[in-house]
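Protein chains in written order, with the working numbering: chain V, 15 to 452; chain G, 15 to 452; chain R, 15 to 452; chain B, 15 to 452.
Keep in mind that the hints are not guaranteed to be accurate.
A pair counts as met if it fits within one copy or between any two copies, since identical chains are not told apart.
30 Å max Cα-Cα, derived BS3-like pairs, lysine-lysine [what the hints assert, rightly or not]:
#  : residue 1 : residue 2
1  : Lys108    : Lys335
2  : Lys306    : Lys27
3  : Lys249    : Lys170
4  : Lys306    : Lys335
5  : Lys129    : Lys335
6  : Lys335    : Lys149
7  : Lys108    : Lys149
8  : Lys335    : Lys27
9  : Lys129    : Lys249
10 : Lys170    : Lys335
11 : Lys306    : Lys129
12 : Lys335    : Lys132
13 : Lys306    : Lys132
14 : Lys170    : Lys306
15 : Lys249    : Lys335
16 : Lys249    : Lys108
17 : Lys170    : Lys149
Keep in mind that the hints were calculated from the coordinates and are not lab data.
Number of protein chains: 4
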Amino acid sequence: MQRPNRIEPATGKLGVLLVGMGAVATTTMAGVFLARRGLAPPIGSLTQLGTIRLGRRDERRMPRIQDFVALASLDDVVFGAWDIFPDDGYEAAKRAAVLEGHHLDAVRDELAAVKPMKGVFYQEYVPRLRGVHVKDDARTKLDAVERVREDIRRFKRESGAERVVAIWCGSTETFTAANGVHGSIEAFERGLAADDAAISATQIYAWAFLHERIPFANGAPNLGVDFAAAELLAKETQTPIAGKDFKTGQTLMKTVIAPGLKARMIGLRGWYSTNILGNRDGEVLDEPASFKTKEQSKLGVLDAILEPEQHPILYGDYHHKVRIDYYPPRGDAKEGWDNIDIAGWLGYPMQMKLNFLCRDSILAAPIVLDLALFLDWAQRCGYRGIQEWLGFYFKSPMAAPGLQPDHDLFVQLIKLKNTLRWTVGEDLITHLGHEYYD
Amino acid sequence: MQRPNRIEPATGKLGVLLVGMGAVATTTMAGVFLARRGLAPPIGSLTQLGTIRLGRRDERRMPRIQDFVALASLDDVVFGAWDIFPDDGYEAAKRAAVLEGHHLDAVRDELAAVKPMKGVFYQEYVPRLRGVHVKDDARTKLDAVERVREDIRRFKRESGAERVVAIWCGSTETFTAANGVHGSIEAFERGLAADDAAISATQIYAWAFLHERIPFANGAPNLGVDFAAAELLAKETQTPIAGKDFKTGQTLMKTVIAPGLKARMIGLRGWYSTNILGNRDGEVLDEPASFKTKEQSKLGVLDAILEPEQHPILYGDYHHKVRIDYYPPRGDAKEGWDNIDIAGWLGYPMQMKLNFLCRDSILAAPIVLDLALFLDWAQRCGYRGIQEWLGFYFKSPMAAPGLQPDHDLFVQLIKLKNTLRWTVGEDLITHLGHEYYD
Amino acid sequence: MQRPNRIEPATGKLGVLLVGMGAVATTTMAGVFLARRGLAPPIGSLTQLGTIRLGRRDERRMPRIQDFVALASLDDVVFGAWDIFPDDGYEAAKRAAVLEGHHLDAVRDELAAVKPMKGVFYQEYVPRLRGVHVKDDARTKLDAVERVREDIRRFKRESGAERVVAIWCGSTETFTAANGVHGSIEAFERGLAADDAAISATQIYAWAFLHERIPFANGAPNLGVDFAAAELLAKETQTPIAGKDFKTGQTLMKTVIAPGLKARMIGLRGWYSTNILGNRDGEVLDEPASFKTKEQSKLGVLDAILEPEQHPILYGDYHHKVRIDYYPPRGDAKEGWDNIDIAGWLGYPMQMKLNFLCRDSILAAPIVLDLALFLDWAQRCGYRGIQEWLGFYFKSPMAAPGLQPDHDLFVQLIKLKNTLRWTVGEDLITHLGHEYYD
Amino acid sequence: MQRPNRIEPATGKLGVLLVGMGAVATTTMAGVFLARRGLAPPIGSLTQLGTIRLGRRDERRMPRIQDFVALASLDDVVFGAWDIFPDDGYEAAKRAAVLEGHHLDAVRDELAAVKPMKGVFYQEYVPRLRGVHVKDDARTKLDAVERVREDIRRFKRESGAERVVAIWCGSTETFTAANGVHGSIEAFERGLAADDAAISATQIYAWAFLHERIPFANGAPNLGVDFAAAELLAKETQTPIAGKDFKTGQTLMKTVIAPGLKARMIGLRGWYSTNILGNRDGEVLDEPASFKTKEQSKLGVLDAILEPEQHPILYGDYHHKVRIDYYPPRGDAKEGWDNIDIAGWLGYPMQMKLNFLCRDSILAAPIVLDLALFLDWAQRCGYRGIQEWLGFYFKSPMAAPGLQPDHDLFVQLIKLKNTLRWTVGEDLITHLGHEYYD
């Protein structure tokens, strides 16, 4: 990463393309519409509410992040979306049942104006859903990429957006690992043409975005843009990418509490996590093959934070279990219950229970917004390929090949903020502070 | 703070003087005896189990902290203690009922060898206890200081300790604020001679330690060494000090979770905390005047972390309540229940409940050990006065006058580790990591 | 109690007078209006949804209770109320913020038509509230009784009610115990005339109701109708009475779980209960003298159920603590957290934690309705004085002098249902069931 | 059931045969040995600690149950057992790790004296275990029955027991439903001879017990004695039987809380239950086919209590989910977490969360003892076949064909106690109590 000589200004409109227009996407859009008219606060968004400390502690320099790095304004955001159901933004938002009626009514027209483009859909990747608004006339996967690229160009024309970013807000796909077809740009292009079964819808969108130089973040645990071919193409086309799987709810708290235990060298003997959720996400994850994709993403964070090989006495043998259960009475509200068995001084056992009554889309929406604005900024800085500093937002953060990504939320936050400081030329924060004492 | 040209080596024995030989002190001592014979692991102790990352992430340099900064070895530690009851270390440990019989039996002789010196005790500061092993022949508070200093010198002679540190492990005293008598060294000396009612037992011990150049940490929320006169004397006598109120249990978790919420700009509407505990600590805190001291210490952390004035939308109006209830069935096991009302995107409410079944002394003992070893190291580095980097261990961390101390556990940990790195001359860690990307 | 020869039919309108028109009263009224138009189900009400098993298990006779004993119909209910604020029923309901806007709007006119009569109010009994719509021109407490009686008679005239019942839905008063003035009808009448300080507003209303032969239930823990003079007057005037303190939320669950533990002879070592609530009730109970009244009512249930003197090994020494904390973020939603320390086989400890996210008025409203209909029925049966079988609804159930009331919810339910069966002449249920086996 | 003219006295020794000598059986035996020497209280046992109210409430007649119906004394109990591992009672108890060392040591000799007889074992019914101490020389299942009968007769001879009862304390078997072979005595006998695959070990023991006229209770959810052939044989041989699946932990609480909700006509929208347990039971249930057996037993209780067909508004459409996860850090301690979504007045939602930190064997052991003593008493009363009044102890209580068994713990308790009263000729309790009022 090179510190930019100049950062392109955020002039004109910023197009934000959302793949999947369900609860998360509609909650994001409605929120942006409400927030820019001052009707509701964009809580949860670092780009809208965050500040950044600069210089010595006693200087009290704390500008807003959006001012400090000149992010695009909410007023300049225009949305587009794809979905496998034809409902417009207002109907989809009502069906999602996340926001209250008075909120949806206040921005009804703006929501209703977002008509989804037909989605790329492969049944075998989402066994629990039946797509009815899909690009079923694409002859090959390569052709599907082409159709998406046409959609993008049309959106740019029609919306007048000068710059575009894209975020995957769609469903979890069944588990699949990268194989040969994902290994190089050429192999992937051949696979597209040959309708390779290992290529999923997420990858098709990603490939289209990269060719169009549209920064892209993957909010699901799907193999999407985290494979060699995509990383190479991103570099080649100078496009920033980030992923994967929005870090919300239970896993978010895991990456808060586990670093807390480790900070104090408190041992871990077991961590049992169960989730109940009742929205379409829960329905999709009720399918074991889809759950496996999610489970992999959720299980990885503890080992990465605790480093059992470094700390065998503390973390060498803990039992980690993650459950997700579809539970319709919850609706979009999601609930996690964690039982954490810890060990203290001399090995004496203690326990912690965390019950988190959260809301999936309420936690995810500000992440979508932040990623859109930060990816746009990254592109204007000339950054390309994996943006590790955006790992703050993901359950399975991407990092350079061979590098273990950080999962500790606090390390991720420092990395993000020091990246902003460094880009702009401000001193990095180290929290040393010896200068306050003689 | 000046980076030391040379750090004195940790040769010879290190005396550790504990004020108050109840559950915390006996659990600490028994643990040190067990750990150094390999009978139980010193979990929870950064000085015993912690590692520190040095250099680039891919260098994988992760030495143990105790090797990196050459801390005193557990083998060289000798204990002394004061208490207001005459039980020896073994009897006191049995009464405390924290450790299992087989653990106490394994180190019975070493524990029994610690006979408490008579304590300084003022009834009005601890209404719920009746001291029976006290320095009741001290004519004035100045005289009491002198008796403590004699105790210290005798302990050094008899134990053969080359260096000594001291930690307050005693009870919470009734609430008292600093006043004129605490404003200068001279005023305090006059107050001691005049038996000023505003001078508590904690302050008397602190004063003796400072005159004897013994680094001192205050584990209770008492006004102990956090007043102008003590800070001045610490500088004058080149003595490191730290405090106050060990950060364990519920407040520890508060300084883990609150930074997590803030990292993501999640709003807070209310935080209700209740504690039930059944040991002597709980009994003492059943007294409203004693509870007030503790409450002040516990309530402060949220505002300091959340900075409502910086973030009025998020933290401008939250309701914070802390309860402690004496509940004998719990014994030394302490239990916290927290209800946290949070606000997400557009202000939508969510809730978090944390139930922490912890053990007071099991969490506090490794802190006592770490503070003893780090304070000794600080003195060998030539550091004096407030050691802000040890704020990691305290509910009410001390900082230079005019400086707001950090309460965020993760900021505290970086400060601590970067202080170690800086002292030894290693690069500070900033988590920027742009060098891994082209 | 004599089985009635004949039960008067429920002809004409039934007036229901509510003392205090806050969250509970308005939620009750709105619910009755909604339910009788089929707009929302009267869940929680035994009189509306309950069935009663008759005869042998295999007969499958299970009529609805309201049909079995011919209760008054919701269609015949008319409401009246007193309050110390002048808001009409709609305004009061909106302020209470219990029900959603669409529910209130649907019955707005009916609610708005209920204009509160001026309340009897004595500041010293409710220190946290300031009454502004009060009978401040009553010269003596005797005069206040007279004013209430006039209100009642006017209500009957204006509403056309043929029968009237009354329920206290007002605030908790400061703690007061019965004394000489409460010992006989004459003493009480003298006390009224002399403005005796020991006579509270609740008692004044009760006295007026009894003289008017209006059955009365006391929903608060106040000394209201549970004293000798009132019990004597109730018999003399042939008026049924019941009380006191609606059993909702945490205490309701206590009288469910404690019988469960006792059924299995599981021991109890400690029960710690904390409540957070944010409505006017919480505000009133933030006053220690008011809390004491509530605490007495809440603490009593465990001993009464567990009978420590009968079971010293199991229940001879448990620690019971009840906390209520005013916590504005909760609004009318109330939350309880219980930690229950139990002992099993050979004394081995186990724990139970119950977190109840409930809603005060939602739980109380169906009780108000049931009491109104059952009290009316009791009067039509010729029952008078204490109706112990209605103890099912109360935290501090009333029983004949010298008799320990049952607190076990399941015993209370059997008592209630067997009272209905016995009154009508059906066989009592004993659950013996030997007849199904040869 | 006929009220007995005479109840045989409990003279001589009572043999108690336990099938499976794991955690539950050894905890039961150790407890009986400890309790009869006064070393630990037999908490959880109705036969040891329970009292029974007789007559009017103000008579205060409350004899102990064991005196009231003249149960066998603990002093007369002698144990025998079968197991598929050869460890003696002391070794097995140590391995189970339920009781503390000092408790096991105090009764070491008595425990060690119990040497298990070789078990009947069919791998396909318990896939996760490997039996090593089994009757592998039995040629057919009929032969296996014969071997068990020989074991029983030898036990009687050697122990000197005058009467014998038997309790299944073994593992859960894979799910199997009754089929033709279970339909009549003759069919079953033919199936035994033909080694019918549908006959499990539990059934073999049961058949042996019935032929030997030994009352038998089935503590697991296995198809054991709850099929037509066994019920017929039990009547024919005049043998009492009971089952199945000890009601402990989460399901116990379900049958406490669900009746509480129903008593008040509170609606249910969802009940999510998860269990974590770490003992052999958990390991066995990690096998899906075994879990299915348990799941059936656990799921049934709610519908049976709530009667959705009677109460469609309240219980017509609730979501019930039960999870069991093997979680080794818990050991024998079992933990349940329940989330209960309820509906109150007008359908407004509320929630309840129950976290039960229980101990499997500690809850089960007193049930084993009670069943042993009550079954012996039933036989002495001349009762035979299904003892529905013992349904109090089971998750899947047995009842006469065509009769829906009661699951409500409180109905079960009344049934049990009224059965005792009726047998002895005392008045049944109805809780009517009209006689206390004039």
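A quick look at each hint next to the structure:
Taking identical chains as interchangeable, the C-alpha atoms of Lys108 and Lys335 lie at most 30 Å apart only when they sit on different chains, with a minimum of 28 Å there against 35 Å within one chain. Taking the closest pair of Cα atoms, Lys306 and Lys27 never come within 30 Å of each other, the shortest separation being 39 Å inside a single copy and 56 Å across copies. When the C-alpha separation of Lys249 and Lys170 is checked against a cutoff of 30 Å, the pair qualifies only within one copy, where the shortest distance is 23 Å, while the shortest distance between copies is 66 Å. Within a single copy, Lys306 and Lys335 get their C-alpha atoms as close as 13 Å, and across copies as close as 20 Å, so both meet the 30 Å cut-off.
For the identical chains of this complex, Lys129 and Lys335 are neighbours neither inside a copy (41 Å) nor across copies (38 Å), given an alpha-carbon limit of 30 Å. In this assembly of identical chains, Lys335 and Lys149 lie within 30 Å of each other by CA distance neither inside one copy nor across copies; the values are 39 Å within and 38 Å between. Taking the closest pair of Cα atoms, Lys108 and Lys149 come within 30 Å of each other only inside a single copy of the chain (25 Å); across copies the shortest separation is 50 Å, beyond that limit. When the C-alpha separation of Lys335 and Lys27 is checked against a cutoff of 30 Å, the pair qualifies neither within a copy, at 45 Å, nor between copies, at 46 Å.
Taking CA atoms no more than 30 Å apart as the test, Lys129 paired with Lys249 passes in neither setting, with 32 Å inside one copy and 70 Å between copies. In this assembly of identical chains, Lys170 and Lys335 lie within 30 Å of each other by CA distance neither inside one copy nor across copies; the values are 45 Å within and 48 Å between. Proximity of Lys306 and Lys129 under a CA criterion of 30 Å is satisfied in neither setting, with 32 Å inside one chain copy and 46 Å between copies. Proximity of Lys335 to Lys132 under the C-alpha cut-off of 30 Å is found in neither arrangement, the shortest distances being 38 Å within a copy and 36 Å between copies.
Within a single copy, Lys306 and Lys132 get their C-alpha atoms as close as 27 Å, which meets the 30 Å cut-off; across copies the closest is 43 Å, which misses it. In this assembly of identical chains, the alpha carbons of Lys170 and Lys306 never lie at most 30 Å apart, being 36 Å within a copy and 55 Å across copies at closest. For a Cα distance limit of 30 Å, the shortest separation of Lys249 from Lys335 qualifies neither inside one copy, at 37 Å, nor across copies, at 48 Å. Taking the closest pair of Cα atoms, Lys249 and Lys108 never come within 30 Å of each other, the shortest separation being 40 Å inside a single copy and 59 Å across copies.
Taking the shortest alpha-carbon separations for Lys170 and Lys149, only the intra-copy value of 20 Å comes in at or below 30 Å, while the best inter-copy value is 72 Å.
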